[in-house]
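The primary structure of each chain is shown beneath.
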Amino acid sequence: EAQLVESGGGLVQPGESLRLSCATSGFTFSSYWMHWLRQAPGKGLVWVSRIYSDGTDTIYADSVKGRFTISRDNAKNTLYLQMNSLRVDDTAVYYCARGSYYHFDLWGQGTRVTVSS
Amino acid sequence: QSALTQPPSASGSPGQSVAISCTGTSSDVGGYNYVSWYQQHPGKAPKLIISEVSKRPSGVPDRFSGSKSGNTASLTVSGLQTEDEADYYCSSYTGSYIWVFGGGTKLTVL
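In order, the protein sequence lines correspond to chains A and B. Each residue of the first sequence is one higher than the one before, starting from 1 at the first, in my numbering. Each residue of the second sequence is one higher than the one before, starting from 1 at the first, in my numbering.
Keep in mind that a hint or two might mislead.
[Stated by the list, open to error] Straight-line C-alpha distance at most 30 Å; calculated DSS-like pairs for lysine-lysine:
{"id": "1", "chain 1": "A", "residue 1": "K43", "chain 2": "A", "residue 2": "K65"}
{"id": "2", "chain 1": "A", "residue 1": "K76", "chain 2": "B", "residue 2": "K68"}
{"id": "3", "chain 1": "A", "residue 1": "K76", "chain 2": "B", "residue 2": "K44"}
[Unchecked claim] From the derived model, a few chain A residues whose C-beta atoms are all more than 10 Å from chain B:
{"id": "4", "residue": "G15"}
{"id": "5", "residue": "E16"}
{"id": "6", "residue": "R19"}
{"id": "7", "residue": "S30"}
{"id": "8", "residue": "R67"}
{"id": "9", "residue": "T69"}
{"id": "10", "residue": "S71"}
{"id": "11", "residue": "A75"}
{"id": "12", "residue": "N77"}
{"id": "13", "residue": "Q82"}
{"id": "14", "residue": "N84"}
{"id": "15", "residue": "R87"}
{"id": "16", "residue": "D89"}
{"id": "17", "residue": "D105"}
Since the hints were derived computationally from the structure, they do not count as laboratory data. Think of the CB as a built atom: it goes at the ideal place given N, C-alpha and C, for glycine as much as any other residue.
Just chain B, with the same shape it has in the complex (with noise of 0.2 Å):
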């Protein structure tokens, strides 16, 4: 299985709204609504963001939010702060009890 395809980066500034993509195939992002995002704060462990799409885990601030257009989806932070510069990555179900991840995005605050 080949990784999805995320943007190495994306910025924007405090307040501004920003959307990362994240690009598989049918046999997975397409297939499946089983596409769930992740952030990652350098020397941490991930943390589930959005399940299912657009599925907000309890405690995610509703700044985060997930959508799916055919082959592809996206993250949309909104509001952007501080806090929310990190790494994110993007994972799918591709069937046969497998999982596969994009390579991640570094998103910077300027």
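So that you can see chain A by itself, here it is in the shape it has in the complex (with noise of 0.2 Å):
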């Protein structure tokens, strides 16, 4: 079965740095665009960032460009997001997806990111 499987959120203050890994089973990673998206609290989805399936290329959300990457070991089926300089409004459970034009077709359950003083 395919699944996909968020961590290395948790509570951290303004500026500081965070890490998302993204473990996927069940399907041939390394052939797959992946995606992160995110969802603030009582808030609808968005979309982060989208990665190749070989990782060559990459492209962000304006409101996070600049400050997040997305990369990927397809080695070790697993994707990240690396964080820097978090702000208080990129607090959101993110979420980890399997998708291509078309659509986001397989969903990790999500990893919580708090960003507060």
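Take each chain as given, in its own frame, and dock them per the hints.
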């Protein structure tokens, strides 16, 4: 069964950094684009970033550009999100998802990030 | 990119049908047949229920259907069941490898 499991969330202060991981299993990780999305408390879903299957291309939402870095290790079947210069409005549940142009067809259970002083 | 526009709430009685709209622009919903819909129960991860405007992934009941006209996509849930009570989100590809979501619709089964 295909599965995504996020980890690495927690409570940090504004300006600090955090690295999220998304361990995958049950499918050929290296064949798929992967994404990070987030959901602030009581709010809707927001797409954050996408990485090509081979890691050669990345793109980011304007709200995180220059602060967040998506990466992947296809040998370890793991996706990452390095989050620097965190702000209060980055507080959210972060989801990794498998996806394409058409949809996000497999989601993890999410990891909570809280940025607060 | 602005978020897509969804009604904040919708409701229906068991067995009835309800439609949820998702309005964008010619740069997203109207420009691509890459509209998808997601169901999210409280405290759970989103689940894909409609892809490419009207395609149902394996395992999704045929009570769920999708359509699009111009810049507005719609999700219809027929034969409402209590387990359909959830938040529903639409999403669209916008070009330039950017994706946008609607604000979500809370569906209540009365």
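Beyond 10 Å from every chain B Cβ: check whether that's true for G15(A).
Non-interface label stands for G15(A): nearest chain B Cβ at 27 Å, farther than 10 Å.
Is it the case that R87(A) keeps its Cβ farther than 10 Å from each residue Cβ in chain B?
Consistent with the label, R87(A) stays out of reach of chain B, its closest Cβ about 19 Å off (over 10 Å).
Verdict on Q82(A) as a residue remote from chain B, using beta-carbon distances over 10 Å:
The assertion about Q82(A) holds, with a minimum of 20 Å to chain B.
Mind verifying the non-interface call on N77(A)? Its CB should be farther than 10 Å from each CB in chain B.
holds (19 Å)
Checking a non-interface call: every C-beta of chain B should be farther than 10 Å from the C-beta of R19(A). Is that right?
Per Cβ check, R19(A) is outside 10 Å of chain B; nearest 21 Å; holds.
Beyond 10 Å from every Cβ of chain B: is that where the Cβ of E16(A) lies?
Its Cβ never comes within 10 Å of chain B, the nearest being 26 Å, so this holds.
Can we confirm that no CB of chain B comes within 10 Å of the CB of R67(A)?
Non-interface label stands for R67(A): nearest chain B Cβ at 17 Å, farther than 10 Å.
Does K43(A) pair with K65(A) here, judged by a C-alpha cut-off of 30 Å?
holds (21 Å)
Claimed clearance of chain B by D105(A), with the beta carbon kept past 10 Å
At roughly 5 Å from the nearest Cβ of chain B, D105(A) sits no farther out than 10 Å, so the non-interface label is violated.
Cβ separation check - T69(A) to all of chain B, threshold 10 Å
Holds: least Cβ distance 16 Å, greater than 10 Å.
Test the statement that N84(A) is away from the interface with chain B: the closest C-beta pair must be farther apart than 10 Å.
holds (22 Å)
S30(A) non-interfacial with respect to chain B [C-beta, more than 10 Å]:
holds (19 Å)
Comparing the model with each numbered hint stated earlier shows that hints 2 and 17 do not hold.
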